[in-house]
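Peer 1: Order-wise, the sequence lines are chains A and B.
Counting in our numbering, the first sequence runs from 386 upward without gaps.
Counting in our numbering, the second sequence runs from 14 upward without gaps.
Don't take every hint at face value.
Label-pair restraints from in silico Cβ distances [what the hints assert, rightly or not]:
1) B:Lys15 - A:Asp439: 33 to 41 Å
2) B:Glu63 - A:Met537: 45 to 53 Å
3) A:Asp674 - B:Lys109: 53 to 61 Å
4) A:Asp439 - B:Leu64: 34 to 42 Å
5) A:Arg494 - B:Gln62: 18 to 26 Å
Derived lysine to any residue pairs resembling SDA-like cross-links, with alpha carbons at most 20 Å apart [as the list claims (entries may be wrong)]:
6) B:Lys199 - A:Trp532
7) B:Lys199 - A:Lys440
8) A:Lys440 - B:Lys174
9) A:Lys557 - B:Leu204
10) B:Lys199 - A:Leu432
11) B:Lys200 - A:Leu609
12) B:Lys200 - A:Ile552
13) A:Lys557 - B:Asp100
14) B:Lys200 - A:Gly615
15) B:Lys200 - A:Gln610
16) A:Lys557 - B:Leu205
17) B:Lys130 - A:Leu432
18) B:Lys15 - A:Gln610
19) A:Lys557 - B:Glu124
20) A:Lys440 - B:Val89
21) B:Lys174 - A:Val433
22) B:Lys192 - A:Glu545
23) B:Lys15 - A:Leu432
24) B:Lys199 - A:Val433
25) B:Lys192 - A:Glu553
26) B:Lys199 - A:Asn612
Which residues of chain B face chain A? A few of them, derived with a C-beta cut under 7 Å, are [what the hints assert, rightly or not]:
27) Gly92
28) Pro104
29) Val145
30) Gly156
31) Trp159
32) Pro160
33) Gly187
34) Arg201
In short, the hints are calculated from the structure, not lab data.
The beta-carbon is built from N, C-alpha and C at its ideal position, and this holds for glycine as well.
Below are the chains, spelled out letter by letter.
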Amino acid sequence: MYSSSLIEETVVRLLRDAECRLPPDVHAALRHALDIETEEMPRSQLLVILSNVDKASERSVPICQDTGLPVFFVHGRCDERIVEAIRKGVARATEEIPLRPNTVDPVSRENLGSNLGAGMPPMHLDPVDQDHLDIAVLPKGAGSENWSALRMLNPSEGMEGVRRFIIECVVKAGSRPCPPVIVGVGIGGTADMACVLAKKALLRKLSSHSDDAILADLESQLLLQINSLGLGPMGLGGSTTCLGVLVEKSHCHTASLPVAVSLNCWAARKAFARIYPDGRVRFSQEGFD
Amino acid sequence: MKVRKIASPLDERQARSLRAGDIVSLSGELLTARDEAHLRILELLRKGQELPFQLEDMAVYHCGPIMRQDVGWKVVAAGPTTSARLDRLAPEVIRKCRPRLIIGKGGMSSETAEAMKEVGCAYLAFPGGAAVLAAEALPEVLGVHWPDLGMPEAVWHLRAKDLGPLVVAMDSHGRSLFKEVEDAVKKRSVLL
Numbered sequence: 386m387y388s389s390s391l392i393e394e395t396v397v398r399l400l401r402d403a404e405c406r407l408p409p410d411v412h413a414a415l416r417h418a419l420d421i422e423t424e425e426m427p428r429s430q431l432l433v434i435l436s437n438v439d440k441a442s443e444r445s446v447p448i449c450q451d452t453g454l455p456v457f458f459v460h461g462r463c464d465e466r467i468v469e470a471i472r473k474g475v476a477r478a479t480e481e482i483p484l485r486p487n488t489v490d491p492v493s494r495e496n497l498g499s500n501l502g503a504g505m506p507p508m509h510l511d512p513v514d515q516d517h518l519d520i521a522v523l524p525k526g527a528g529s530e531n532w533s534a535l536r537m538l539n540p541s542e543g544m545e546g547v548r549r550f551i552i553e554c555v556v557k558a559g560s561r562p563c564p565p566v567i568v569g570v571g572i573g574g575t576a577d578m579a580c581v582l583a584k585k586a587l588l589r590k591l592s593s594h595s596d597d598a599i600l601a602d603l604e605s606q607l608l609l610q611i612n613s614l615g616l617g618p619m620g621l622g623g624s625t626t627c628l629g630v631l632v633e634k635s636h637c638h639t640a641s642l643p644v645a646v647s648l649n650c651w652a653a654r655k656a657f658a659r660i661y662p663d664g665r666v667r668f669s670q671e672g673f674d
Numbered sequence: 014m015k016v017r018k019i020a021s022p023l024d025e026r027q028a029r030s031l032r033a034g035d036i037v038s039l040s041g042e043l044l045t046a047r048d049e050a051h052l053r054i055l056e057l058l059r060k061g062q063e064l065p066f067q068l069e070d071m072a073v074y075h076c077g078p079i080m081r082q083d084v085g086w087k088v089v090a091a092g093p094t095t096s097a098r099l100d101r102l103a104p105e106v107i108r109k110c111r112p113r114l115i116i117g118k119g120g121m122s123s124e125t126a127e128a129m130k131e132v133g134c135a136y137l138a139f140p141g142g143a144a145v146l147a148a149e150a151l152p153e154v155l156g157v158h159w160p161d162l163g164m165p166e167a168v169w170h171l172r173a174k175d176l177g178p179l180v181v182a183m184d185s186h187g188r189s190l191f192k193e194v195e196d197a198v199k200k201r202s203v204l205l
């Protein structure tokens, strides 16, 4: 089995990759945005963003000072040992990279400095009987996370209601989640499940489409519509408001239609590792197909 | 893109000469302040106590940096945070402390804009997330106040060298580029 120290080491590397190097799909989408913007204002914002991305990767420092809360997704034979190794990796990465200590007590606002705390870092464990262990991390900054939204729609509102709610969320968030954003959507499940689905959607490659034909159409339609709003990079106007819409679904109660929206900023950080029983580790920032 | 160089501290006349849409780069002193610092500033002022730093004529940066302590403190990453979070506290801070510049991202409310107009203060937007470029333009740490608030929330007294490009997104005459874009976005969204 994978040793605790290997998992810890892997987590430190995952966080370093995620925080300091923009995933290739997001980088390509931002470069494309620069190609299509014609006005000086959106171009100036994108030029600063792209130059910052290059500098961060050259110097191996975090792209954004809000290194977020590292949200983990684990698939494989999960046990308490893995959870403990992830916690150790986060504390080490906070010190070594360094990450900003963002984790505080919600009431006293006390900051322990390690990014650990009650329930922190967030982990979603998916027990699967497979030989390798998959660990993905999605460091999520508060600028975008603070615009997360959940609505329990009436089932009769259908996909049109879902579409309207998503647009409403993007308009309401405006300049604040650091557009161009990526829109993660979770449809179905229970209220809590919809929120996790929306986050999980943000791990997908930007060029990917939902397996569900109706949702794939919704993704393409929403991308065009959101980009027709004119909010633009950093909310100062332009034709690139959104880099991708990614929708996931679960079955739900016959009387419910939960929809959750999780926005990600342009600094849409993610990294994936696959650990094999012989100790080999593969790393990627676009996932494993 | 024509970039005008400005320096902080600055006087009211200089702050009022900045017009929405201008692009500037800033050198000189600035103080970071986020939620907890704003709360403590107001707590002290409401009790009639003095602040351990001067905000008048200064630039306030909405930023929670990553700092590293070797020989002295060094700025690792220092992009702007969402200014709108401070809208509930900023108008009173602006009226009482009279800063000339606010640097942040995403813009602020019309209530904050009103206080800026009264006092003569302009809002400069830096692209959110551009933390490495910002850190490069903040080569010197002059001090830190209230370190008990934690690294992101403490007040860092920094010296900027050509921090920019900064967009004058809200000027002291009531114009806000963010508000103009937001109004247009709302109109278009109704048609979708």
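Peer 1: Indicate, hint by hint, whether the structure satisfies it.
Peer 2: Hint check results:
The given range of 33 to 41 Å is broken by B:Lys15 and A:Asp439, whose C-beta atoms sit roughly 24 Å from each other. Checking the proposed 45 to 53 Å range against B:Glu63 and A:Met537 shows it holds: the Cβ atoms sit about 50 Å from each other. For A:Asp674 and B:Lys109, the hinted distance range of 53 to 61 Å is satisfied, since their beta carbons lie about 57 Å from each other. A:Asp439 and B:Leu64 have their C-beta atoms about 39 Å apart, which keeps the hinted 34 to 42 Å range intact.
Taking 18 to 26 Å as the suggested C-beta distance range, the pair A:Arg494 and B:Gln62 conforms, at roughly 21 Å. At most 20 Å may separate the alpha-carbon atoms for a hinted pair to count; B:Lys199 and A:Trp532 meet this at roughly 17 Å. For the suggested pair B:Lys199 and A:Lys440, the alpha carbons sit about 35 Å apart, so the restraint of at most 20 Å is broken. At most 20 Å may separate the alpha-carbon atoms for a hinted pair to count; A:Lys440 and B:Lys174 meet this at roughly 18 Å.
Taken as a hint, the A:Lys557 and B:Leu204 pair is honoured in the structure, with Cα atoms around 16 Å apart against an allowance of 20 Å. A C-alpha spacing of about 27 Å is found between B:Lys199 and A:Leu432, which places the hinted pair above 20 Å, so the restraint is violated. The suggested pairing of B:Lys200 with A:Leu609 holds, with an alpha-carbon distance near 17 Å, which does not exceed 20 Å. For the hint pairing B:Lys200 with A:Ile552, the CA-to-CA distance comes to about 13 Å; that is within 20 Å, so the pair holds.
Of the pairs offered as hints, the one joining A:Lys557 and B:Asp100 holds, with about 16 Å between alpha carbons and a cut-off of 20 Å not exceeded. Proximity of B:Lys200 to A:Gly615 is assessed by CA-CA distance (about 11 Å); at most 20 Å being required, the pair is judged to hold. Between B:Lys200 and A:Gln610 the alpha-carbon distance is near 13 Å, which keeps this suggested pair within the 20 Å criterion. For the proposed pair A:Lys557 and B:Leu205, the alpha carbon gap of about 15 Å is at most 20 Å, so the pair holds.
Among the hinted pairs, B:Lys130 with A:Leu432 is inconsistent with the structure: their alpha-carbon atoms are about 31 Å apart, more than 20 Å. Between B:Lys15 and A:Gln610 the CA atoms are separated by roughly 33 Å; this puts the pair beyond 20 Å, and the hint is violated. Note on A:Lys557 and B:Glu124: the hinted pairing holds, with a Cα-Cα distance of about 18 Å set against a maximum of 20 Å. Note on A:Lys440 and B:Val89: the hinted pairing holds, with a Cα-Cα distance of about 12 Å set against a maximum of 20 Å.
Taking the CA atoms of B:Lys174 and A:Val433, the gap is near 16 Å; set against the 20 Å cutoff, the hint holds. Distance check on the hinted pair: B:Lys192 and A:Glu545 sit about 28 Å apart at the alpha-carbon level, beyond 20 Å; violated. Note on B:Lys15 and A:Leu432: the hinted pairing holds, with a Cα-Cα distance of about 15 Å set against a maximum of 20 Å. Restraint check for B:Lys199 and A:Val433: not satisfied, since their Cα atoms lie roughly 27 Å apart, outside the 20 Å limit.
Proximity of B:Lys192 to A:Glu553 is assessed by CA-CA distance (about 17 Å); at most 20 Å being required, the pair is judged to hold. Taken as a hint, the B:Lys199 and A:Asn612 pair is honoured in the structure, with Cα atoms around 13 Å apart against an allowance of 20 Å. Hint status for B:Gly92 relative to chain A: holds, with the closest Cβ pair at about 5 Å, below 7 Å. A cut of 7 Å between beta carbons decides the hint on B:Pro104: the least distance to chain A is about 18 Å, and the hint is violated.
Taking 7 Å as the C-beta cut-off, the interface hint given for B:Val145 holds, the closest approach to chain A being about 4 Å. Against a cut-off of 7 Å between C-beta atoms, the interface hint on B:Gly156 is violated, since the closest Cβ of chain A lies about 19 Å away. At about 13 Å, the closest approach between the beta carbon of B:Trp159 and any beta carbon in chain A exceeds 7 Å, and the interface hint on this residue is violated. A hinted interface residue such as B:Pro160 counts as satisfied when its beta carbon comes closer than 7 Å to some beta carbon of chain A; here the least separation is about 11 Å, so the hint is violated.
With a cut of 7 Å, the hint placing B:Gly187 at the interface with chain A is violated, because the nearest CB-to-CB distance is about 18 Å. The beta carbon of B:Arg201 is positioned within 7 Å of a beta carbon in chain A (closest approach about 5 Å), and the interface hint is therefore held.
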